[in-house]
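Asker: Here is what each chain is made of, one letter per residue.
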Amino acid sequence: MEKKPEWAYSDKVKDHFENPRNVLNDEGAYNADGRGIVGNIKCGDEMIVAIKVDKAKGIITDCRWKTYGCASAIASTSMLSEMAKGKTLEEAYKITAKDIVDELGGLPGHKIHCSVLGHDGLRAAIDDYYRRNGINRTP
Amino acid sequence: MKRKVYLDHNATTPLHPEVKKSMTDAMEAFGNPSSMHSFGRQAHRLIDDAREKISSFIGGRPEDIVFVGSGSEANNTVFNLLSCTAKRCEAPHTKRRQVITSQIEHPCILEAAGCLGERGIEVIYLPVDKYGKIDIAKYEEFISEKTALVSVMMANNEIGTIQDIKKIGSIAHKHGAMLHTDAIQAVGKIPVDVRDLAVDYLSLSAHKIYGPKGVGALYVSPGVPFCPFIRGGHQERGRRAGTENTVGIAGFGKAIEMRAKEMDGESKKLLSLKSRLKAGIEKNIKDIKFNGHPSDCLPGTLNVSFDAAEGEAILLYLDLEGVAVSTGSACASGSLDPSHVLIATGLLAEQAHGSIRISIGRDNTEEEMDYTAEKLAVVIDKIRNMSTVGRGAHGKKA
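Protein chains in written order, with our numbering: chain A, 1 to 139; chain B, 1001 to 1398.
Just so you know, the hints here were simulated from the structure itself, not pulled from any lab data.
Some clues are possibly wrong.
A short, non-exhaustive set of chain A residues, derived as facing chain B with CB atoms under 10 Å [unchecked claim]:
1. Glu46
2. Ala73
3. Ala124
Just so we're clear, the structure is a prediction, and the values are computed from it rather than from any experiment.
Where a beta carbon is used, it is the ideal one built from N, C-alpha and C, also for glycine.
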């Protein structure tokens, strides 16, 4: 029989919740190349995703975030920031909620819809990068 | 070993050591309490003894106490009797087709009321003020000769606010309506006397007061209509079928006996622990709001909202520090809506999402209050550093 985790979430979620990666501490000083914001605090979750881009190669060199939300919102944004780094803009654009949930080793069903928003935040940040650089996105 | 601090006594409590002992002893009395032989009589005596202790603690007669399987069952039993149309039912299908309850009831009342609504009974949900007190003026506007039942909880499980049940009841009776109160969070924490309150029905539960889970009771005042929620046996004078939970009932009786001895002294201790914790939180953390009534509140209940922090995250970071609390955030409940109680008191959704309930109990210490305030400050700081929300922005509006 599979061992049930002792915590409310998987070990990976717990790890990212306890030790969130790539938190955007000082947004002013970060000087992002693209920034996206999704969600709404009235609904309980809101995320800011900020990226740095190697313009010549079209690769995301750094991804930072802020989240207002529950443990799975925090952990999933943290996980997304690791997944995005090193990817081309178009590869990163294709990251889905399911990809994040799979990387986290699963989430309770009712949590996926409301708390996994990081991929949308990342897409908004990439769109923002394109807009700032006058690029028409042609996937 | 890591420190563990349990501050979720409104959810449930550990067994009082005396209760545990009484239950272990009661396990020997395996006979069916309905049997006439000595084994049955032994079990029956334990139940009678518990019934005696409970009725004397709340001021009723032993025969007015009906043992049930939970507080939720007690509440459902009362709501069920209004819609019973069976000829055999002693609760006549009344011409009165209206129920008045409040917006801050426990979900088991709100669900049962919702079902009554679908069975053609009008249900009115009274609003509350910012402290969670029933709006008496609105209540007097709504109540009429159409009202069959008024059901208002005595003390709220989330914010601890205590209602003036005596006044609510006298208004109900003036209009010929019956009064039920869900006193599950009240009995054993604050004085409750059914005769003084003049209630017709009152629900109580064992596991909120250091008794076992799976046993509750309904006080039914002499002469009021009754309809069994569970039929098919003569147990509980025909009011609740099913072989009695002797061990649970014995534990309930002991829990009440211990409340009678300990409640007054403990209440002072809980108030002092709460004010120590509250001061610690106020000292260390900015942009917060305490919810519930400042004085008419359960002695051990403290509900607080933190700007820019979400409740489930607070709960789980505290859990990693060994501190157990609960939250009114939607994110912990599996629904999308935050606490209906906090919203009814006028909190914004984001303030309700950022709330936690701390409920202190008999074993907690001053040192644990200091530890909790200290850890809470660290946790809130950590969450706010990650948060998208600026502080103080929405907290000021309340």
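Asker: Next, verify each hint and record whether it holds.
Answerer: Evaluation of the provided hints:
Evaluation of the glutamate 46 (chain A) hint against chain B yields a held restraint, the C-beta minimum of about 5 Å falling below 10 Å. A distance limit of 10 Å between C-beta atoms decides the matter here; for alanine 73 (chain A) the minimum to chain B is near 8 Å, and the interface restraint holds. At about 13 Å, the closest approach between the beta carbon of alanine 124 (chain A) and any beta carbon in chain B exceeds 10 Å, and the interface hint on this residue is violated.
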